[in-house]
Amino acid sequence: MKKKLMAQKTLFIMIIPCMIYTFIFSYYPLKGWIMAFQNFKPAKGYAGSKFVGLDQFKFLFGDIEFWRSMRNTLGMSLMNLVFGTVFAIVFALLLNEIRSEGFKKVTQTVSYLPHFLSWIIVTSLISNMLASDGMVNNLLMALHITKGPVLFLGEQKYFWWVATFASIWKETGWNSIIYIAAIAGIDQDMYEAAQLDGANRFQRMWHVTLPGIRPTIVVLLIMNLGWVLNTSFEIPYLLGGGLLQDVSQTLDIFVLKYGMNIGNYSLATAAGIFKSVISLILVFGTNAVANKLGESSLM
Amino acid sequence: MKLKKLLAVLMAAGMTFAAVGCGGDAGAGSASDSQSGTQQEESTEDSDTQASDDSAAADGEAASEESGADSGDGNYGGLVPMADAGDPITYTYFVRDAGQDPADDNPVISKIQELTGVTLDFEFLVGDLDQKIGVMIAGGEYPDLIFAGDAAPKFMDAGAAIPLEDYIPKYPNLMKWYGPSMKYLEQADGHIYGLPIYGWFTNELTDANPIFECGIGFYMQKDVLAEAGYPEVRTLDEYFGLIEDYMEKHPEIDGVKTMGFEMLADGWRNWSLLNPAQNLLGVSNEGNIFVDQETLETSFYQTSDTAHNFYKKLNEEYLKGVIRAESLTQSYDEYIANITTGAVLGFFDQNWNFQNANNLLKADGKFERTYVALPITDPGVQDGYIDAPNGLPAANNSVMISIDCENPDRILAYFDWMLQREVQDYLQWGEEGTDWNYSEDGESRALTAERRALVQDTEKNRDQTGSTLANYCPALMGLYKEDGMPVDCNSSAAEYLAAQGEFDQNFLESYGIEYPAELHSEPVARAAYYPVWGMSLEDGSAAAVTNEKIVDVCSKNYSKMILAKDEAEYESLWEAYLNEFNALDLESYQTEIDRQIAEKMAK
Amino acid sequence: MKNAVKEKHRKLSTSDRVFNAVNGLIMLFVIVIMLYPFWNTIAVSFNDAQDTLRGGITLFPRVFSLYSYQSVFKNKLMATAAVNSVLRTLLSTVLGVAVSSLVAYVLSRKDLVGKKFITAYFLVTMYVSAGLIPTYFLMKELHLLNNFLVYIIPGMLGVYNVIVIKSFMQQLPESLTEAAMVDGAGYFRCYWQIVLPCCKPVLATIALWCAVGAWNQWFDTFLYASSKDNLTTLQYEMMKLLSSASQSGRDNSSMFGQEAQVANTITPTSIRAAVTIVASVPILVVYPFLQKYFVKGVTLGAVKG
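Residue numbers (my numbering), protein chains in the order written: chain X, 2 to 300; chain V, 13 to 615; chain A, 35 to 339.
Label-pair ranges, simulated between beta-carbon atoms:
#1 V:Ala595 x A:Leu100: 49 to 59 Å
#2 X:Tyr47 x A:Asp217: 54 to 64 Å
#3 A:Ala113 x V:Tyr523: 48 to 58 Å
#4 A:Leu62 x V:Thr247: 52 to 62 Å
#5 V:Ala458 x A:Val66: 47 to 57 Å
#6 X:Gly286 x A:Leu62: 41 to 51 Å
#7 A:Arg96 x V:Pro192: 53 to 63 Å
#8 X:Ile17 x A:Pro231: 17 to 27 Å
#9 A:Pro322 x X:Met142: 39 to 49 Å
#10 X:Gln157 x A:Asn264: 46 to 56 Å
These are calculated hints, taken from the structure and not from any lab test.
The beta carbon of each residue, even a glycine, is placed where N, CA and C say it ideally should be.
This is chain X alone, in the form it adopts within the complex:
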């Protein structure tokens, strides 16, 4: 052991400063979690604020709105995770099959443009398109799929889908970059070998490309799964609310309303701790499962 340590001296010289850095910036400020058990007032600081035990957590868990927000958050996040990943991978695969370098570059560049637009711009375009005289309804009616216009933004059952496709529209190109990079990392010899074996385009995609990026897919999925409780703030905020509140209010919006907006930092912290716990369980849990299945994993 000692010998091994000595041999790995360089590695530790490399990693220890980074661990110290991480301690300072990530672990040390966690002492602020004490706020979750207080009725924290910025003016009084940690020392002067009153301790209230688990009151903040009781408020959270005792509110039916909180659980409804949980459901909405999980629903939208999972849909987003699944469809977002699938679309990004499929896009990366198809892009990889383009022979013309110029066309490939243009497509790739264009596809990531929407990422740079703010949600407020994207959602306003979406609500224009989904309006009763908007593009989508005109198309549906022209194709005789529906008789009258569909109120996409006025009915609860459509909201999660609208939110999911909004993210896909905005982020597919951006999300696919990492897969494109992973594909670029696949050893070119593998393709030649497959070709010699007589594999066609689909077979090559299926047997070479996909397995080649599989570790990346699994690793990203596990990491992103840890963030299922952090949904984008903007979509529900900009497209939901009011009539759609029952299906659009997410955890973050709930916390914003009853935490930040009314100066209750403690509640926001309590919710943060709750989210952290869930995230860590999810990440380390799925990671263990992935390990068991022999998939690549985070550790």
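Given the coordinates of chain X, assemble chains V and A onto it according to the supplied hints.
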């Protein structure tokens, strides 16, 4: 908090009260030492003109010509340098509003800077106010000056502001302006932490200016009224009756399908959904509770018969096709775009919110398609949309001096200097001749055409006039008691009327009124507690939580009820809503409001 | 043998052609729908701000105007802001890639002592956050408030990036480094000379993430450096402009003189569009430079040989 903050702005803006000053002028040129002599002469001339117009003011102004030093009665001699003007000092100033710094070469601000030696370094809000304030207070480091609006109590509680009650009497102009209302500025601990910079505020120096337009309520397109022969419209039935008739006659307006009544429930812009019931009950924009103006008893208007009938009426109108289902989910941009077509007949809103659409209709020459607010109430109830100025300052709308400010005296002297009439005139009107002229009878002022164009352009107004200083420093408001002259152009009746087009003049004539606000009853003088939205609830308290929940529960359920398929469904939705609403912790909120009303009334 | 391959090639070419055609069509469709929002934003940004309120701008401006851009560039802090943004982006990118790849390399060593613990130690930080106020306290304690370093140091090590690079490195054949180690190369030389060059595609991705992230950041300016004009960033100035434009609707409202003299009033929609274009075009340019690392895969054979 959000809602309150907003309401505060709405109230101030909606009532066409002055938030934009009409300060100095581009022609003044950049200030320099060589110019100050000339400036002094000019200001003397100014004084002379005024003195000849008004003998009451003459004495004071004659004295002012002697020197630029503090004569002890608050007369610094007008626009002449302060004693320590040669010793420049900069104060940092955090403002809770979004905004931009005025241009460096702003002639008015440069001149004031030169005369006083004081520079204000503004930091306008970017991002979320609550987050900003949270870290500011937690970090315990403050700018020299703070204007936080409704968030002011957070700074006061944190001990961030210095008490001013001992300072104010030392400054004659501040004392004249704030002195009579000092007891209303006192916080629970007996201290005064800020100088109010806007709100309804008059005393012996000024009177309230007339209210020209009602800033909130049920708006109707003027042509609907014109075609119906300028009827008096007071109830919901009359209101929607007119809209239905007009819709039937004009299924399209300028090629666009007519929209009878539009709603807007986009995020925080939700008042068209939440507020009308309280207005129907005869109060104005009170807050989340109804206060009986006689007995001061509180009750929840959200569950009243009035609310029940109002949303039922909306439901009926929806079923008739007067209200589009989509209008409940449309975004603000779509709402404004709809109004700009001129095909919308009515809506419930606040003036400032649709002002841009109104402006565009005027730019298109469609004056008959612009809107006027009507005094709609329950039958037999007197309308109370318009607040009369009650002479009480709102302590929250104050500039505070922070504990980190090293030289409070100098900034207070600056504020004191600014409150001189000559300085106020210069800041809010500009200079006679270049910016404005007296009318022939000498009783009113009119802006020059160039100046009018200038103050209507947000950017130019900011970069070339003193509006930023007038907005964020103590400034006078209303009409001068001594001669009835408006303090600023927004308070000027002459300016208001000069801005009306031909159609509007006819419109007013046909109704036999001078200003649109006269369609309403006389402005209502409010009790000292008013309004509920101005009360601060303790952060994170049960009352604050309920305050938020009420908005949530109502906005969700009201929308559903309006879109009910028939009367039976409406009634069952109403029942469900009642259950959800009554399940809230209403008591904590109501008790807190009752307590605060009692406390304020006791003063 | 060669002939057989050729023949297969020829036989497949019909299906290949169909595939290429369909794929090309799909990509064209993608281009159209992905380009539209950006194109539309450009059209709105060049449209007269007042006229934009009417809605309905799609592909081209209806009333051409440069006013929105003028109000963006009129800002006296633009130059300072641009310099700060470029600087912070460059530094964050270089440091971000260097630090993350270093940690990733260490964690990718199979025989690292305490590997599980060290990985978990980093991993946990991705999912815990102290919150707004405690983080502010930390910056204050470290004297990072109103300090340019607050843009660089706190975001230097992205654990997400580390894991992504690590998983990429783990896929490299072990033979790659083993040989070098046998030849007496140390860990650092292995990292620098052998592993890093093989990771170009993933490093290019991380560089892009870091650059875009740093460039788009305005929140740290808002919280930690807003009182110092010389530390302002482009995104912060843009936010400032945008929020003041959104508020100008309110300011105007107090003007009763609602005559037709409103031509130059700014309204948020067009300003927002112009701000978006001004703020995003400089960073968009970065991508094509990085693209060459994606387009053709690395050939490990060359390295191995």
